[in-house]
Amino acid sequence: MNSTEKLQPAVIIDTSGYAAAGEEIRKEAARLLEQKIVDAVVGYQAGRRTGSSQPVVITDPAQAEKLVFSPTCVNNLSLYLTKAKKEIRAKGKLAVVAKGCDLRALAGLMGESQLKREELVIIGVVCAGVHAAGVASGEPLTDATIAKKCRECSVHIPEGADLIVGKLPELPNLSPTEKELLDKLDAMTPAGRWSYWKEQFTRCIRCLACRQVCPFCYCEQCLCDRGRPQAVDTSPRPAGNMGWHIVRAMHLAGRCVGCAECERVCPMDIPLNLLNRKMAQELKGLYGHEAGLTPTEKGPLTSYDEKDDQSFIK
Amino acid sequence: MPHDFEPKIVAFVCTWCTYAGADLAGTSRMLYPSNVRVVKFPCTGRIDPVFILKAFQKGADGILVSGCHPGDCHYMAGNFHARRRFAIFRKLLEFIGVDLARLEFSWVSAAEGGKWVEIVTELTGKIRAMGPLTQFTELADEEQWSGMLSNPELKAVFDQV
Amino acid sequence: MALTISEANLRLLIDLLIGAGKRVIGPKRVGEMTVYEPLLSGADLSPGTLPRRSAKEAFFPLSETILTYEKDKEGLKVTDVDTATFPETVLVGALPCDAAAPQVMDAVFSWDYKDEFYLERRRRTTIIGLSCTSADDSCFCTLVGLSPTETKGSDLFLTPLVGGGYSCQSISDRGGELLANYPHLFSETASVTPLPPARPEGGPVDLAKVKGWLEEHFEDEIWEEVADRCIGCGACAFLCPACHCFDIVDEGTEAKGVRRKNWDACAFGKFTNHASGHNPRDLQNKRYRNRFMHKFKYYDDKFGKTLCTGCGRCIRSCPVGIDIKGILEEIQKR
Chain A
28 MNSTEKLQPA
38 VIIDTSGYAA
48 AGEEIRKEAA
58 RLLEQKIVDA
68 VVGYQAGRRT
78 GSSQPVVITD
88 PAQAEKLVFS
98 PTCVNNLSLY
108 LTKAKKEIRA
118 KGKLAVVAKG
128 CDLRALAGLM
138 GESQLKREEL
148 VIIGVVCAGV
158 HAAGVASGEP
168 LTDATIAKKC
178 RECSVHIPEG
188 ADLIVGKLPE
198 LPNLSPTEKE
208 LLDKLDAMTP
218 AGRWSYWKEQ
228 FTRCIRCLAC
238 RQVCPFCYCE
248 QCLCDRGRPQ
258 AVDTSPRPAG
268 NMGWHIVRAM
278 HLAGRCVGCA
288 ECERVCPMDI
298 PLNLLNRKMA
308 QELKGLYGHE
318 AGLTPTEKGP
328 LTSYDEKDDQ
338 SFIK
Chain B
742 MPHDFEPKIV
752 AFVCTWCTYA
762 GADLAGTSRM
772 LYPSNVRVVK
782 FPCTGRIDPV
792 FILKAFQKGA
802 DGILVSGCHP
812 GDCHYMAGNF
822 HARRRFAIFR
832 KLLEFIGVDL
842 ARLEFSWVSA
852 AEGGKWVEIV
862 TELTGKIRAM
872 GPLTQFTELA
882 DEEQWSGMLS
892 NPELKAVFDQ
902 V
Chain C
217 MALTISEANL
227 RLLIDLLIGA
237 GKRVIGPKRV
247 GEMTVYEPLL
257 SGADLSPGTL
267 PRRSAKEAFF
277 PLSETILTYE
287 KDKEGLKVTD
297 VDTATFPETV
307 LVGALPCDAA
317 APQVMDAVFS
327 WDYKDEFYLE
337 RRRRTTIIGL
347 SCTSADDSCF
357 CTLVGLSPTE
367 TKGSDLFLTP
377 LVGGGYSCQS
387 ISDRGGELLA
397 NYPHLFSETA
407 SVTPLPPARP
417 EGGPVDLAKV
427 KGWLEEHFED
437 EIWEEVADRC
447 IGCGACAFLC
457 PACHCFDIVD
467 EGTEAKGVRR
477 KNWDACAFGK
487 FTNHASGHNP
497 RDLQNKRYRN
507 RFMHKFKYYD
517 DKFGKTLCTG
527 CGRCIRSCPV
537 GIDIKGILEE
547 IQKR
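Chains as they are written, first to last, in our numbering: chain A, 28 to 341; chain B, 742 to 902; chain C, 217 to 550.
Chain A extracted, bound-state conformation:
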C-alpha cells in the first residue's frame, strides 16, 4: 500500500439506522411469536465479542429482545431453512430475517421447491452493507471494511419481504473490486489463469465450509463425499481440490445467487465467489438468466431452448 493511499480517510458508510431496524425486528419477532403466527424466528443475536453477532433461532416471545441488526450480521440465514437443517425445520412454521442478498437465496430455494412462500414469514432488512471476512467485529463499516459483494449491491432493499424494516442511507460510490479482479483474470492467458487457480486451490484444506454454508448445497448425499464411484478425490491435495472446486462451481451454476458466503467463510481466503460470479455472468450472456430474482421453477441448466447457441458443436 502506498503512503498517500494510507493517509486518505476511510469513507464511512452510514449504519446509524441499523439500531432502529433491530428494534423493529425485535417488535415484529415478538408479535409473530406471541400471536403464534410462527413457531420460531431465525435472526441474529449479539455475540460475546464487542460488536459481533451470530445466527440464533428463538421460539419464545421473551427471547425476541435478543435480536439485533448490525454490520456484523453477515450470515445468509436462508441456510437454516433448508432440509440440511432438519432440526430447525422441525420447530414448525418459521420466520426469517433477510437482507436483500439473502432474499435472493430464499427466492432461489422456493424455485427449487425447497421452501414454500406461504409457509414462511420474511422480515426484510434494508441494508447498506456488512463486514468483510476477517474484519474485527468492533470496527465501523467503511470502504475498507465492507464486504466485496456489498460494493456492488443492487438489492439494498429486500423487495417482496412481508415486512421491510430500516431505511436506506445515502451511499457512497464504491469501486467494484471483485469485478475488477474478474476482468483481470479474464484478460489473462489460460496458462496464467491455471497458475492463479492452482495456487488458490492448493491452499484449500477441504474443511468444506464453502459447501456447508451454501444455502444451495442442501443435498443429503454430496457427490464429492462418495467413495464408490469416487467422482472427486477426497484428499486435500492439489488435484482433488481442483476437482472439488470445479464440481462445486458447476453444481451451483445457474443456482448461485451471489451471497458470497462461501468466500466469506473460507479460512484460507480463496476467492470462491469469482467462480460463481463468472458462471452467473456467462449464463446471463448465453441464456439471459439471473438466479434469485423471482422464484422460477426451471433454472438455465434444467431447461433449454431449441434455438440455443451451438456454435461450439461440430
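Hints listed in this document are in silico derivations from the structure and should not be mistaken for laboratory results.
Watch out, some of these pointers could steer you wrong.
Claimed, not checked - In silico lysine-lysine, DSS-like type, Cα no more than 27 Å apart, as pairs:
hint, chain 1, residue 1, chain 2, residue 2
1, C, Lys472, B, Lys749
2, B, Lys795, A, Lys334
3, C, Lys472, A, Lys93
4, A, Lys194, A, Lys211
5, B, Lys867, B, Lys749
6, A, Lys225, A, Lys54
7, C, Lys330, C, Lys513
8, B, Lys867, A, Lys325
9, C, Lys502, C, Lys486
10, A, Lys93, C, Lys502
With chain A fixed as given, assemble chains B and C onto it according to the hints.
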C-alpha cells in the same frame, strides 16, 4: 506411419446416434486413428461434466463428446440439456485455464459414419500437434508441503548453500 | 545476565539450519495471510502474528501417504512409506498455544497403538517457541492453564526484547544442542527488557469444575442453544492445534493406488455415519457437543490433559460465530 506422440483421446458418445455412427464407420471398413477410446452412454444428457474432468485427470490428452443432432434425441430433449450444460462447462474450464482446443463436441447421427471418421481424424491430428496434456497429471503428483516426503525446493536451496 | 540472539542472527540461524539440510518451518506471509510453511531462507520468517493454521501440520500432515499398492499378474505388491525419509525439522517462531499442542497430542498417538507417522515426525522436530505479545478478543490461553509466556512444548524459547532481538531460554536437551551448535549466534547481555507479554481477556477457568459440569450435563439445553447454529464444516477442527482426527482413504484404481491419511472433523455429518445408515450423532448440536466434550472431558478422562490450548482459531474461523471461550465462561458460571 508411426508418430512420436500418440495422444489418448476419450470419446463420450450416446448409444443411439454417435455410437451407431462409429459402428457404421467400422462396418463400412472406413479407416480412422485408433487413438480414440469410445465410452458409450445412453444419452449425452447422461454425460456428467465430472466424467470429462476425471478423464483429463486420468491422462486423456483430448476429449470428444458426441450425440444425436438436435431434434433426434431418443429421449426427446437429452441433447438439448447437454448442450446447455457443456456450453457453460466449457466456460468454466476456460476460466480455470484449460485450453478448450482439447475438448470437442459434435453431433454425429447413426448414418454419419463418414462424419465420425472426419471428426476423429481431425481431432487426433490437432491433439497430436498440441502434444500431451500435462497440467492435470502433473497436478496429481503434487502434495501440500506437509505431506511431502522430500522437499525438492528445499533441496535446491540446500544445494545452493 | 541473559542469553540473547539478535533478529539478524535468528534469521542467520534459519539460513544455517536450512544449509545443514533441515526443513525449517515458521510463520511466513503468503498474500494477506500468515501461515506456517517451510521457509526458504531466514528472510521468509514473519514472527509474532498467529498463523491462520496451527503448526500441527509439521507432525500431522493435512494429507499423507501411508502406503502404495500395485497389482499385476504376480500378485499384489504393497510398499510402506519409509519413515526414515521424514525430514529433520525445526519449527521456529511457534507461539505458546501452538508449541504446547504437540505434547498434548503425543498421548493419543502413542497410546494403545504407536502411530509411527506422527511419532517419527515428532522425534525429528525441534521447536523454537516464541513468547506472545499480542492478543485479540478470541485468545484464551490463560483460561485453559497456559499463558503468552508459557514455555511448555518448546525446546528453545525466545522472548522478544524492547529494542529488538530475543532473549533465549533452553528448555530441553535439544534446545541446549541448538545453542551448543551455533554458539557464535548467541551472546550474553547484561540486562534485557522483554516486550510486555500479551494479555488475553478473562481469568483462568476451573477446568475440573467444567469437567464436573460436563459429566452431569451430557443432555442439556445448552448444546441446542450454542450449536443448533453449527453448519457442520471442519474449519474449527482443521485450524485447531490439538484436533487430531483422521480418515484413511484409498485413492487410485483396483490395480494401482495410494492409501492416504487425511484430516477429519467430528462436525462432519459423515463422521459417525454407520454403514447401516444409522448415525448416532444425528443432529449437528450432538456433533458440537462431542467436540467440546472431547476437549474438556474425554481427553482428560483418558490422558489427564485438556485438548485445547486457547489459540482462538475456532472462534475466529467459525462461519456462524460459535465461541468456545464464551461457552467455557458460561459453564464456569453455572
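Each hint tested on the structure:
no. : hint                  : in the structure
1   : Lys472/C <-> Lys749/B : holds, 19 Å
2   : Lys795/B <-> Lys334/A : violated, 30 Å
3   : Lys472/C <-> Lys93/A  : violated, 57 Å
4   : Lys194/A <-> Lys211/A : violated, 35 Å
5   : Lys867/B <-> Lys749/B : holds, 12 Å
6   : Lys225/A <-> Lys54/A  : violated, 49 Å
7   : Lys330/C <-> Lys513/C : holds, 23 Å
8   : Lys867/B <-> Lys325/A : violated, 38 Å
9   : Lys502/C <-> Lys486/C : holds, 13 Å
10  : Lys93/A <-> Lys502/C  : holds, 24 Å
Violated hints for the displayed structure, listed by number in ascending order: 2, 3, 4, 6, 8.
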